[in-house]
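Here is how the chains run, residue by residue.
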Amino acid sequence: MAIQHASHHSSMTGQWIPSTCGMCLHGCGIRVQVVDGVAVKIEGDPTNPDNLGKLCPKGNAGLSRLYDPTRILKPMKRTNPAKGPGIDPGWVEIEWEEAYEIVARELGRVRRDDPRKLLCAIGDFQRIILWGWPAVFGSPNFFTSLGNYCGGSYHPVNGMVDGSFAAINDYAYCNYWIQLGSGDGFSSHLHVSGSTKRMADARMRGMKVVVVDPRCSPAAAKADEWIPIVPGTDRAFVLGMAHVLVHELRRYDRQFLREHTNAPYLVGEDGFFWRDERGRAQVWDLRVDAPRPWNDVPREAMALEGTFQVDGHRLRTGFQVWKDILVDHTPERMAEISTVPASTIRRLAREFVGAAQIGATIEIEGKVYPFRPAALNYYRGAQSHANGLLDNMTYKLFNMLVGNIDVPGGHLGVPLDHRGFFISPGEDGMIKPEPHQLHPIPPFKYPPDSTHLMEWFPIGFDAGQLNAETLLEPERFGLDYQPEVLLLYHSNPLWNMPETDKIEQIMRRMKFIVAIDIHLTESTQWADVFLPDRTYLESTLLNCLEPPVVTGHSLRQPVVEPLGDTRDAYEILTELAERLGFLDDWNDLLNVVCGFVANTTYMLDPDRRYTVEELWDRFARSVYGDDRGLEWFKRHGHAVRYRTPEETYMPYGDLRIPFYFEYVKRVGAQLRQQMEAAGITDWRFDNYVPLPFWKNSPVIEDGERGYDFYAITFKEALHTFADTVVMPWLTEVSEKDPVHQGILINRATAERLGIETGQRIRLVSPAGRIEGRAQVVEGIHPQVVGVSNAITREYVTNPTVRVKGAHFNRLLTGSMRYTDSATGGLESTARVRIEVID
Amino acid sequence: MPKIHVAAIGMARKLVGFSQRTIDFSGETVADLLRALNTVDGRTLYANLVCEGKLRGDYAILVNGMSLTAEQLETRLEGGDEVVTMAILRHLHGG
Amino acid sequence: MPRWGMVIDLKRCVGCNACTIACKQEHGTPPDIHFARVVTREVGTYPHAKRTFLPLLCNHCEDAPCERVCPTGATYIRPDGIVMVDADKCIGCRACAVACPYLNRHFIEPGLLQAGYGGNGDLTPFESLKFAAFQEGTMTKCTFCAHRVDQGLEPACVVTCPTEARIFGDLDDPDGRLSRLIEERKGWTLLPECGTKPCVYYLDE
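Chains as they are written, first to last, in this note's numbering: chain A, 1 to 838; chain B, 839 to 933; chain C, 934 to 1138.
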């Protein structure tokens, strides 16, 4: 009897309902088998090209969330006014009417007083269309590290380079893949199920993988080479490789740089572009040995490099400026900083540029593209640091040196959603910089409106960690109000933010806290009213987030009758909007974020209440046509397809991408003027630079204060987001893996300090301290200790799951000093001392 | 007379007093349209949204789904066009 | 008549444990029982250290010691090679668990089916449905998802594996994928010295 191909892998009995996984933010396609109203199996949807029928361990554990006995299934209110860890809230179940009344009364009072007094923590990625609710309420605040813990500097730079939100190397064509501080293709980040398949296929066809990471992650374990590195020094390593390409091998893609970037643009001594009397950027015209407007000179005649004298002014091309910066970024100096040997830096640079095949082309579906099958990929570990802007710039520029941006084999931008790249003509023949794809940044304002100083980061992200400083020292920032009410919507600030003690202080000041969630957590246990949401297996939405290879939406639909007395978060927020008197504005916000303003046929009537199904039916039809509404999606599950080569490669066309980030410098100069006019004298502008270079971060400098080790956190495939860390199906497996059993410490280091596996140790950073069980391993840098997210929760409601309590984020600092001055990106590494607890 | 479909979002909606309306339009440009739309304060949408010939920074205008720049108010309109005037919510959040 | 077997490609495997949880889900096994699981180990010394991932499951041995020692015939081998347990005949003597060199036999302790993962003494609707297939005081084990195989489908662990590291098929088909892979990549079995003749083969990294 023949075995059917995997595309028919679902067991025949029962009804299989297509839907979308909600265990991480990315939403792989699933099918759920339901027998007599009970969901009994979740499998990957084989028809969805995103995950090709595969499903990671978290997706396979979804039923244990749906049927989790510790879920909150009815609204509750607190009867014990005392709040804090270990304090019994005295929960009493109430009806929805009473719950809504209380919440609307408290939020209404604040709204009439000053709507900014609402602090908001929102962590529900797949319901991204709802994130503007606080804005409509009137609050600009952001009380979570979400998005910034990994993407604070990443997203702005991706947006400025090619209108993308994320990035990945070309699985299909890459031959040489260097990866820094990322689990892409092995354990985490973009669309894990499909990505690990694509990575495995690429490795099997011979792609070489080099993984740079302070510890032997799953990626490092599978790589052809694991390069250990000091956390936060990946940029030094790559600058060293760039030095090798530019100054030693002199091999780089001159044609790409000249044709597709602003590298040839002339820069004056002040660091700004050299412009003519009409304000046009100039290039050096080799035919006449003089500066000419960029659009008056054929590409072949533009100088890529050089220093020129014009009327007593010293001009250099943007490329020349970086070339000069790179002179002293020798492999030897970078090796001292990163501990990656200089010989390795040289060898990898040589291998990389060789594999890149500069000058090669490839024909795909009848069109010829540049072919550059070598690329550098990176994520949180390599750039979520105090100089994250410079980290991200470095990695992009290194890729640009071999001309691989958005070409077959190379480093590809990943759009935020189905709308693709945000590319439009900007100034000087360049693309328009798009650092903000989630929401526009308000103009500079003093005093600031937002507690996280959003108005002071013109190219930045939402720096939620700054709340720890601004709310406890408001006079320093001119903040003229104090928040009183907190909305926790699928967010756990006491777990996801740095400086937990300060977050707790802030939460203590709240007069009222409302939680929209499924579980009690470190944070939601502080709520005055708990409004129970539905799990992803009981709710409706269309999802398309950061798809690396595909595009199109996947439907999430209820597979069983919702359990208990819960409501969909959309319904909850809409009900509150109506009771608070802004239903019309809420509907208008949805008109904007759902794109109905681009086709008014689907616009919501502001005064009507729409059900969650009505909303998503409109959305589906507005994007896919009237014959593909919600009913079509319920049958087919998704409209996901592969992106075409035209959609994937060279989306910038004839527009130039930034090599020299003059835009960043200009924005910084403008901000400086605005701040001086407002009388702010102690703000930093040090990262508003046009090109990256090496400088120490405060974490590195903390070494001089006796904090001699680096502490990092990490995750692997079993656990992402706080709520997966306490699911028993997953924890009973992760607890068996040594890397999730304690604080990882290098064997040689442990021997030197007299530490053995099982001993209790304490990590002390400038900001806080944690305790845990030592786990001696080979696979970590001798100067580094590692704390898996699996051991970080301090509060667990399921009695079969042990609390490990090594809450890593207590070690991190949320202050401006440890924050990237241009992007607001936070520092995800801490310097620590190790103490042995007797 | 050509018909233009006009939609208004947020504060723009509150100014003109409607969310969507198809109107008979005798003018030629977007600026003409804004002058033809009365607002609840006794003025016109043009007076509220335009400053020195340019669209105010806290508003956006879409014509058939395409966003205009602040200087593109002389964009010509044709019968059947869809114009959306919207107040920009600067504090929208995403992740 | 096929002779079912599996090939596990250790070069593809990334140790994610999707197989572990898919199996948990497919069978609804009680707490701490895993038919499929992944063992990880460090090899080498820093900086030349690596983690290795070894997915394990029942080897459905041709010469299964568990079948040989079973006093009641509860453990039996199907004609297609799948080693099964008839719980009605099992007396829970655990001779099979002692005999199996691979720790692939699992005893269902009395009381284990009363309390599920919630720790609150109740079973979830999922657990109520799934635990009904088990009997306390008997042995249980990986069945190569015989209930799926009999419908022409692949085992749950195979289907979910994101990297396609698990291949299921007929070992006796000379042109089949398994035979080719075993030959080309020199597939090996676990503890061959025990003489069990496993039907699960591993391909080196």
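Each hint should be verified, as a subset may be incorrect.
Restraint-style ranges between C-beta atoms, simulated for each label pair [stated by the list, open to error]:
1) D1083/C - R760/A: 30 to 36 angstroms
2) K1119/C - P298/A: 55 to 61 angstroms
3) S1061/C - R112/A: 57 to 63 angstroms
4) R299/A - E916/B: 49 to 55 angstroms
5) I837/A - G1052/C: 24 to 30 angstroms
Quick caveat, the hints were computed from the structure, so don't treat them as lab data.
C-beta: ideal position from N, C-alpha, C; glycine also.
Exercise for the section: Would you list, in rising numerical order, the hints stated earlier that this structure does not obey? Expected result: 1, 3 and 4
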